[in-house]
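Undergrad: So the sequences go chain by chain: A and B. Start counting the first sequence at -6; every next residue gets the next number (our numbering). Start counting the second sequence at 214; every next residue gets the next number (our numbering).
Watch out, some of these pointers could steer you wrong.
As the list claims (entries may be wrong) - Derived pair list, reagent style DSSO-like, types lysine-lysine, alpha-carbon separation capped at 30 Å: (1) A/K119 <-> B/K260; (2) A/K35 <-> A/K119; (3) B/K226 <-> A/K84; (4) B/K579 <-> B/K260; (5) B/K259 <-> A/K119; (6) B/K298 <-> B/K392; (7) B/K226 <-> B/K392; (8) B/K259 <-> A/K126; (9) B/K259 <-> B/K579; (10) A/K119 <-> B/K298; (11) B/K298 <-> A/K84.
To be clear, the hints were calculated from the coordinates, so they are not data collected in a lab. None of these values were measured; they are calculated from a predicted model.
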Amino acid sequence: MGTSQISAFGWAFLFIVGGIVFVVLGLWVASLLRPARPNVEKLSAYECGEEAVGPAWGPFHNRYYRVALVFILFEVEIVLLFPWAVVFGQKPLLAATGGQWGQLALLEMFVFVGILALGLAWIWAKGHLDWVKSTVQSPDFESKVPRHLYEQVNERALSVQNKTAGGAAVSQSPSPTSYRQP
Amino acid sequence: MFSPELIESLRQKLSLLSPSLVGLGFELMLAGVGLFLLLLDVLLPKKPVTFFWWVATGGLLAAGAVLAGAHFYFPVEETSYLLGKMLRITAETLYFKGLLGISALLTLWMLRGSAFFHRLDFPAGAFLFLFLSNVLGLSVLAMSAHWLSVYFSLELVSVSAYLLTAFHFEPRAGEGSIKYLLFGATASAVMLYGLSFLYGFTGTLEIFSPTFLQVPVSKHPVLGLVWVLALGGLLFKMAAFPFHIWAPDVYQSAPTPIVAFFSVAPKVVALWVLWQIASFLYEIEELRRLFSLFWAGVALLSIGLGNFAALWQTHLKRLMAYSSIAQTGFLLVVLVVPSPGGFSALLFYTTVYALMNFGLFWGIAKMASPEETLDCLAGKGREQVLAGGVLVLMAIALVGLPPTAGFTAKLLIFSGLWEAYQTWPHPALLVLFIFGLLNAAVFAFLLSQNSFLAFFQRKKHQRFAGKKYLILTCL
């Protein structure tokens, strides 16, 4: 970039503009191509596959923060590793310093990654990464009603639903009228 | 594709690296021992607490030996810079690092005798790792010659300190730790903000770069605010007046040996950095006047607030927190007059201060019951004569009464202040002088109250609350 007339911030600015243009352009083209058929479920806020229920200020389990912190640590590690990988093996630098530059950069990165790995091992060994697993309890209720009766009810419900929905587009979401044997 | 200047500077930096690593022996050892402790904690989690303690202590002693070796490697009269201009080593720096190492050893020794450390499920590996990180940060701070290295080492010190505060694992400890974290994060943000201004004015962050003398503070005194912001992080670590709020809660909730360390090491090291900055800025007469007044103000308010707030405390360690705020004020008096005489006063005062505080906290740790109220000392001095005696002796020394080294230290500081007043008779210096001496009396009462309790009071006797107000009205 030695010959260009763009200042250091100019480069960053170009990247910012490029990022914005890329996103806006992509969304705009997609809006031209896609069919637009909104429904209630499509229009609801997307929250990582979870249904957004209740206020956002609820208490979280602190295990969530621990895992999030470890995740961010390693994300930052990647952010550092990437530019490092770009400059570390540059031939002119290696030649100018008699290989010292490469040795130092490699050693430094090993130390850095080693410390992070030790941290990960520690947090793992101390059980801070264990998630609370929900235990599935199967009900020990034995139904006296035979299975085919349940199926008859379900079939009847399904045929009613098909008639009301016009038969073509059947909603695949769990409908409130389908019964399963417990 | 790479400019020749860049390659040349790279070559230069690489050639500076290996002598720098020799100078950083103490720090490298500390980091190595800390990480080794974590590794042991992963591999041998079943080992007893004393095993980890011995590893940490042995590592610290070895690092101390390396530090002592550095005395021979770096010539006493010369200033050596490490890692470019990031750090610098002088004979005084090595002295303060030595004092830091001794404080760390005393803390480890106090830990050995404390009950909480020997609890069955105590995470000793993590605790000692954090403690050594704290020492490491302070040691880098003592050498810093660049605002970024000041900032990073302060962060290392702070983050480990927040965690060390919480190691009683009670709600109270969590509260103290969170408060410390919130105030600390604010202080470090304030410091960064000030640093960004300084960088904007000068284009450099090297502390001892002459361009800092040209920040037009004397023309626009409001620019002094920029300096105050930048020094905020150091004032926070010292628990000086506007940044003192965290101290009582942290002192109350943290384990006593750690409190002893907090009340000594960060203060001494931060004071040393402030001293370097002050004596550098004081080359310019106008800056000298402005900063003298600033330090006089901070010292005055710290002494006053610390002492008078301490009068109302019933909790032993809260009381010590406020008294340590006042002590910070006394330490800051040194900065009002940075002269060669002032420097010897600084060396003497910090050394004596470190020993006094460790003695006092050792006495408290020995004698106080778990709730650590003032009343729990009642009559204990008769049962534990040695601990009680040390407590009383150190209290006398902290007040600065004649037969002790504490007296000499205070005498040095205040005679320096008096000389400064005679060369530059500004009323603020006189106010500081008189107020400081008067406050020593309040302080005397405070600590004699401890000693009185320990030796002369029968258990559960009527508290002499009335006497406090008597003293206040006397003043």
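Undergrad: Please go over all the hints and tell whether each is borne out by the structure.
TA: Taking the hints in turn, this is what the structure says about them:
no., hint, verdict
1, A/K119 <-> B/K260, "holds (14 Å)"
2, A/K35 <-> A/K119, "violated (42 Å)"
3, B/K226 <-> A/K84, "holds (18 Å)"
4, B/K579 <-> B/K260, "holds (27 Å)"
5, B/K259 <-> A/K119, "holds (12 Å)"
6, B/K298 <-> B/K392, "violated (35 Å)"
7, B/K226 <-> B/K392, "violated (41 Å)"
8, B/K259 <-> A/K126, "holds (26 Å)"
9, B/K259 <-> B/K579, "holds (29 Å)"
10, A/K119 <-> B/K298, "violated (40 Å)"
11, B/K298 <-> A/K84, "holds (28 Å)"
The structure fails hints 2, 6, 7 and 10 (numbered hints given earlier, in ascending order).
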